[in-house]
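> Protein sequences appear in the order of chains E and U.
Heads up, the first sequence is in the UniProt record's numbering, so the first residue is 1 and it goes up one at a time.
Heads up, the second sequence is in the UniProt record's numbering, so the first residue is 1 and it goes up one at a time.
Please note that the accuracy of each hint is not assured.
Note that the list lumps identical chains together, so a pair holds whenever it fits in one copy or between two copies.
Below are the SDA-like pairs computed for lysine to any residue, each with C-alpha atoms no more than 25 Å apart in a straight line [what the hints assert, rightly or not]:
id: 1; residue 1: LYS28; residue 2: ASN136
id: 2; residue 1: LYS37; residue 2: LYS73
id: 3; residue 1: LYS28; residue 2: ASN106
id: 4; residue 1: LYS73; residue 2: PHE158
id: 5; residue 1: LYS28; residue 2: GLY152
id: 6; residue 1: LYS28; residue 2: ILE153
id: 7; residue 1: LYS28; residue 2: GLU116
id: 8; residue 1: LYS74; residue 2: TRP159
id: 9; residue 1: LYS73; residue 2: PRO12
If you're looking for bench data, these hints aren't it; they were derived computationally from the structure.
Computed from a predicted model, the values in this text were never measured in an experiment.
Number of protein chains: 2
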Amino acid sequence: MNQTTNAAVITPEQLLEHWQGHRKLTRKTIEAFPDDKLFTYSIGGMRPFSELVMEFIDMTGPGITGIQSGEWKKFGEDSRPKPATKAALLARWDEVTELLNSTWPNIKPERFQERELAFGQWDGTVYWSVLYFIDNEIHHRGQGFVYLRSLGIEPPPFWNRQ
Amino acid sequence: MNQTTNAAVITPEQLLEHWQGHRKLTRKTIEAFPDDKLFTYSIGGMRPFSELVMEFIDMTGPGITGIQSGEWKKFGEDSRPKPATKAALLARWDEVTELLNSTWPNIKPERFQERELAFGQWDGTVYWSVLYFIDNEIHHRGQGFVYLRSLGIEPPPFWNRQ
Numbered sequence: 001m002n003q004t005t006n007a008a009v010i011t012p013e014q015l016l017e018h019w020q021g022h023r024k025l026t027r028k029t030i031e032a033f034p035d036d037k038l039f040t041y042s043i044g045g046m047r048p049f050s051e052l053v054m055e056f057i058d059m060t061g062p063g064i065t066g067i068q069s070g071e072w073k074k075f076g077e078d079s080r081p082k083p084a085t086k087a088a089l090l091a092r093w094d095e096v097t098e099l100l101n102s103t104w105p106n107i108k109p110e111r112f113q114e115r116e117l118a119f120g121q122w123d124g125t126v127y128w129s130v131l132y133f134i135d136n137e138i139h140h141r142g143q144g145f146v147y148l149r150s151l152g153i154e155p156p157p158f159w160n161r162q
Numbered sequence: 001m002n003q004t005t006n007a008a009v010i011t012p013e014q015l016l017e018h019w020q021g022h023r024k025l026t027r028k029t030i031e032a033f034p035d036d037k038l039f040t041y042s043i044g045g046m047r048p049f050s051e052l053v054m055e056f057i058d059m060t061g062p063g064i065t066g067i068q069s070g071e072w073k074k075f076g077e078d079s080r081p082k083p084a085t086k087a088a089l090l091a092r093w094d095e096v097t098e099l100l101n102s103t104w105p106n107i108k109p110e111r112f113q114e115r116e117l118a119f120g121q122w123d124g125t126v127y128w129s130v131l132y133f134i135d136n137e138i139h140h141r142g143q144g145f146v147y148l149r150s151l152g153i154e155p156p157p158f159w160n161r162q
């Protein structure tokens with residue numbers, strides 16, 4: 001757990017770029033949905049893609065604030081009404097993009113190996129929480145790809161993070 | 001790109017544990033499929049889950065060998081016949097689990113920041129390739145979760161990597 005070397009597996013800057021690259025792909029996935037299907041379409045009783053996206057937003061925005069400051073709100077504790085249109089959802093998305101970019105440089109490098117109770121309830125090392133936030137987005141976005149395919153819509157290419 | 005600090009974001013050991021944790025979840029996802037559906041079931045013209053799993057196997061096995069040695073085969077260049085049963089697919093999976101565990105300690109820590117033409121065709125930093133292999137598995141496994149849900153089968157919990 002405590003091993004460190006001068007050779008970084010990944011630097012904080014690279015991890016931010018990796019995360020924002022995935023977030024660009026998610027944004028393109030949101031855009032690919034027809035406006036109504038984004039909020040209504042489902043397979044196998046799963047949540048519509050808009051609700052999965054709200055989970056990413058609720059995890060990333062308050063999550064990065066908690067990681068930087070050590071102060072956590074309860075998960076999903078955003079008093080604002082949920083976006084009801086694609087444009088409003090994308091605007092909320094872009095707010096989080098800015099927040100992530102502006103908060104990240106204020107995270108001390110040693111923070112990634114500290115233990116933290118994320119959202120006051122999930123115990124883990126900070127790097128683990130960051131990877132969980134990213135992986136959860138990849139996981140559910142992959143499900144959004146199936147929704148798109150089953151609607152006859154080509155999803156954006158997975159490898160393109162620009 | 002070249003910034004290193006004594007505080008590691010994530011150590012090589014942690015990255016292996018993270019990867020193998022995801023691979024445990026994928027193994028449970030394979031097990032959750034009925035034998036026939038694993039090789040035949042599809043939504044929206046997508047590949048059956050068995051073919052997605054073969055992609056993970058072809059990426060992880062030869063991928064980790066290439067990362068460690070710098071010697072690459074062409075992607076998918078495995079002359080053995082593809083597994084045709086769930087048991088055979090799981091056996092192939094377990095081979096890769098062992099290979100990953102035995103190869104990983106032989107990867108020099110500085111290797112993660114070296115540039116490499118993965119599989120002779122994908123140019124990138126080694127950490128990027130490793131994350132790509134992991135993310136590709138998360139992405140397509142999420143699609144397998146939709147297949148399971150639409151079959152009325154509860155997938156294994158996403159957060160459980162034991």
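> For each hint, tell me whether it holds in the structure or not.
Outcome of the hint check:
In the homo-oligomer, the alpha carbons of LYS28 and ASN136 lie at most 25 Å apart both inside one protomer (17 Å) and across protomers (17 Å), since each shortest distance falls under that limit. Taking the shortest alpha-carbon separations for LYS37 and LYS73, neither the intra-copy value of 31 Å nor the inter-copy value of 42 Å comes in at or below 25 Å. Taking the shortest alpha-carbon separations for LYS28 and ASN106, neither the intra-copy value of 28 Å nor the inter-copy value of 39 Å comes in at or below 25 Å. Taking the closest pair of Cα atoms, LYS73 and PHE158 come within 25 Å of each other only across two copies (23 Å); inside a single copy the shortest separation is 32 Å, beyond that limit.
Only within a single protomer do LYS28 and GLY152 lie at most 25 Å apart by alpha-carbon distance; the minimum there is 16 Å, versus 30 Å between protomers. Taking the closest pair of Cα atoms, LYS28 and ILE153 come within 25 Å of each other only inside a single copy of the chain (13 Å); across copies the shortest separation is 30 Å, beyond that limit. Taking CA atoms no more than 25 Å apart as the test, LYS28 paired with GLU116 passes in neither setting, with 32 Å inside one copy and 28 Å between copies. Proximity of LYS74 to TRP159 under the C-alpha cut-off of 25 Å is restricted to the inter-copy arrangement: shortest distance 18 Å between copies versus 34 Å within a copy.
Taking the shortest alpha-carbon separations for LYS73 and PRO12, only the intra-copy value of 24 Å comes in at or below 25 Å, while the best inter-copy value is 32 Å.
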